[in-house]
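My request is simple: use the sequences and hints to build the entire structure.
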Amino acid sequence: MIAHLTQFSRAESAAARLPVLASGTLEVNVRREWLADGVVVLTFDRPRSPANIFDRATLCELKLHLEWLMQQPCLRGVVLATAKPGIFIAGADLHLLSRASADELHGFVELGQSVFNLLADFPAPTVAALHGAALGGGLEVALACDYRVASDAATTRLALPETKLGIVPAWGGCTRLPKLIGLPKALEMILKGDPVFPKQALRLGLVDAIAPREHLLAEARRCIAAGKPLPREPVHLNHRLVAAGLAWWTQRRLRKSARGLYPALPAAVQLVTRNLRLARDRALAAEHQTVLSLTKTDASRNLLRLALLRDRAKKGAPAPPIRRAIVVGAGVMGAGIAHWLAAHRVSVVLRDVASARVAAGLDKARGLFEKSARRGDCTALEARDGMDRLSPATTDTPLDNVDLVIEAVVEQLPAKQELLRRLSAASGPGTVFATNTSALSITALAEATHCPERVVGLHFFNPVHRMPLVEVVRGRATSDATVARAAQFARDLGKIPVLARDHPGFLVNRILMPYLLEAAWLWDAGADPKVVDEAMLDFGMPMGPLRLIDEVGVDVSLHVLNTLAGAFGERLAAPPALQRLAAAGDLGHKSGRGVYVYRDDVAVPNPIVDARKRDEAARPMSSAQMQTRMALLMINEAARCVEEGVARDADDVDLAMVLGTGFAPFRGGPLRLLDAWGARHVVNELIGLTQTHPRFAPCALLQQLSASGATIHNERETPDEHDH
Amino acid sequence: MKHGHLVIVDGIRTPFCRLGTDLRDADAVELGRVAVSALLTRTGVDPASIDEVLFGCVGQPAEAANLARIIALRAGIPDSVPAITVQRNCASGLEALTLAADKLAAGQGESFIVGGVESMSRLPLQFRPAAADKFARLHRAKSLLQKLRAALSFRPADFRPLPALQLGLRDPVSGLNMGQTAELLAREFHISRDEQDDWALQSHQRAVAAQARLQEEIAPVYLRNGKITVIERDNGPRAAQSAKALAALPTVFDTQHGSVTAGNSSQLTDGAVALLVMSERRAEALGRPPLGRLLGYAHVGCDPKRMGLGPVHAMLRAAEITGLTAARADIIEINEAFAAQVLAVLRRAAQSDCARVLGALRSDNINVSGGAIALGHPLGATGARLVLTALRELHHRNGRRALVSLCVGGGQGSAAWLEILP
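Protein sequences, first through last, are from chains P and X.
If you read the first sequence in the working numbering, its first letter stands for residue 1, the second for the next number, and so on.
If you read the second sequence in the working numbering, its first letter stands for residue 725, the second for the next number, and so on.
Misleading hints may appear alongside valid ones.
Claimed, not checked - With a cut-off of at most 27 Å between alpha-carbon atoms, the simulated BS3-like pairs for lysine-lysine come out as follows:
(1) X:Lys858 / P:Lys371
(2) P:Lys296 / P:Lys256
(3) P:Lys371 / P:Lys199
(4) P:Lys590 / X:Lys951
(5) P:Lys63 / P:Lys256
(6) X:Lys951 / X:Lys968
(7) P:Lys364 / X:Lys951
(8) P:Lys192 / P:Lys296
For the record, the hints were derived by calculation from the structure and aren't laboratory data.
As the structure is a computational prediction, the values presented were derived from the model and not from experiment.
Structure representation (structure tokens):
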């Protein structure tokens, strides 16, 4: 990709721009086919790649085709199509975006705008035949066409996800979308970045027709026969007053929800609403200017990097698929895992000791399937088939044809060991044994079996259907093949696997725990829990730490803490307030009382800590100071994970924390934050705090980085070079 | 025989629940799916190794043509495995098994899932043909006048539904319903009301006493309508059944002189059974002891008016085929369509022409775990249930051979010899 970029800047001529393969044939991204009736189909088909993307070469090819076609007198219309099974065009090349210099970006945005303008001004009718994902630039090119027809395939989805990367659509998306579907819906699509499916797109007016893929061309021809469409802007939705009101209201809402942490969102609102009244060139110039200034923000850089890290984690060594699994334990986690597996075409035996527990587990799965069907994520038939794939059991069943056993029983080592010992004794040579433990040692569990090489940690997060992360934990004896199979299975389930070594708490819980405890210490010392939580919401966490303790459960938190405390000593000392909560039976949201007391819809601080009897030693602390304290502890623990080799690298730690805990994505993860703040500053702050308690002592790696002035991440901007 | 006898590897059934009770919300597809799915889970057999699925069902739901195919696919059997639904009335569940044996002998597969299912709760109410014609006319009507005329042609009687259940239990050839054929046998063999009630009472007592053993046959049904609940037990057998209560019931089919009551007839019931059956070679390769094997069988025809005597005719034919007299059976199952009909079978079998071939039938060997009067008779499922129950009972009492038999509406009888593997 970078090769394309530099080649282009060297020579503008078309022939020189197309890279030549060793064999001497041209690399072609866009195929042109002239049909008998004067309709031309331009098919995007990026060589050696499952996806089409817009890089410079593809844009230039499209431009050349359009320029040439414009000269053809007998042309009746142009259809843009894809040759890929599940993707129309997945958008602009992320690697290019993340690495390009400001000048290169400037040129890239301008090139896209000019090519899409060619399309918009094209004399003959143009149709985008959308099959598969049309994302970002892939949808913007379609918006520049006269018509859009979509296939009814399950893979077909349209989205402008740019704001999720901290930028805005800048190839005309912010300008053309509201003209087509009206400002309110356009704004929603751009701010949320969520995909729109064909039926919904038809209702919105985003596409003109839906047809099976095989009939898309016929549908496109029908559009072409109708000629150039009349302008169809929904003027009432785009009225000045509507725009002004909507902009004000949306900005106000964003100040609350995004807390000013994501500059792309208010910028998008301003851009989209203002562009309505601007001439096209000025509107596109505004898009151009906005996106260039946003790419300079840390938020955008961090979000883009996370997207690339996700892509990296989605790739891995292929492994034999898991077709049949047994989930032992039908509690919240077991049922959630069983549902997710069944929804991904795995046959699952859901097992527990009593039929009533199995029934409760199945009922949870049923609820999840029904919800998916109601939300349109799957059809009613698919939901039924998912339930059909769940077979209940209350006794040991043969494992001959079972690829994977996942245990999610009570978090007690002897119980889990006994279960794995019994099941592994009866298993064939290919069965993988996974444990969903969040804290127990995989190695200790594996030792109970005769096949420790096939035992692996597969740590899903609650709620399973929402949380994208799975920690794949390697025990001392776990084989590479088992790790690869578990990781590939997680990917097959649409999850992002992050590898961790077997160390108490693995990655996420380990880094989260000191942070939660610090919040509890602050509360214990007399801080108002609401102020503590509010500080971390301002920091960018999705939920305040004390509220999170209540949601997880005080008892569960203390249980995890106890399993970790042995390994971490005084770093994980629990404040007396938590113990008092547990003793009083105030176990969190589930019991109506925890750090907060929940009455109806309001939560008030639990009087178990007397705010008036404030610890004299605790100085009154500002929100910023609280934020720093809690963030520093996460950074310190995250650095330890790298130091001890628990994580493969700092990137994995960042990805795991963002996906597993919702750690402020715009900050890029705790170790990215470390680099942003600088190791020297972090260490100085920690040392300052160590005087109050030894839990703040900076780890060796931090001190080393502080001394050398190095960063924990490689200075490379992008994680890995991959071609799509 | 190239592949030897058909081996019954394992089997499982849903609870049998009276019509309109615990299982009324599970249709025939769901009951069959639960049984097959539980069988797969329990045996751990690779679904792709199954060569065909054969299921018996008498009243196939209109929305599930070739019920067996739908059950198979929904239970996770790969779509490359074919499936067939068989119907031999009350012997449909046994027919599925014997057809598998035929297929094995013919080289048409070595591994089958067979079984039977009936949701008597879900048998439909039908419109009469005359009413159906009127609906068709209304549907075809184009102009308003035509529509109005078609609509006005309906009469109240058109909306009186025909219950498929009643239609199915009436033999259209003889014109008698099943209960009337039982009354006929009661008259001809001089079987008193008391004898029938005694048999019925014994059926309940035996089923209640055998409850723990019967429970081993059962895979619970997790009902998916609304919040998931578990149905784990048969609800037909009545521990508190008394002779007095039976005696108090009115006769149903001949109110004047009759003796057949709801209490001494089989119950109308929902349930499903699934069996995993294989060639001896395949079963051996599994490396676990199978339930038993099918030695031989016979399906025969007889007088539709006296369909209840079907088991005698079938046993005679089966004796010819296998060379086994009834005396060689450690247990005998005679499906209890009606107490009168079972007693008639015993009397007919004791007559010298039959007894010469069959030997003496010992009543203490017959229906030792109770029968359909207590457990219920989900028509398509019963044949397979008798095989499962008999084989398990043989293991329990260290017996060797069992003879199971059923009378079949329309004038047929079926019998099969089963054996524990030596």
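These are the hints, each one checked on the structure:
1. X:Lys858 / P:Lys371: violated (42 Å)
2. P:Lys296 / P:Lys256: holds (24 Å)
3. P:Lys371 / P:Lys199: Judged against 27 Å, a Cα distance of about 19 Å means the pair holds.
4. P:Lys590 / X:Lys951: holds (21 Å)
5. P:Lys63 / P:Lys256: Status violated; Cα separation ~43 Å.
6. X:Lys951 / X:Lys968: violated (40 Å)
7. P:Lys364 / X:Lys951: The given pair, whose Cα atoms are some 9 Å apart, holds under the 27 Å limit.
8. P:Lys192 / P:Lys296: holds (21 Å)
Of the numbered hints given earlier, the model fails hints 1, 5, 6; all others are met.
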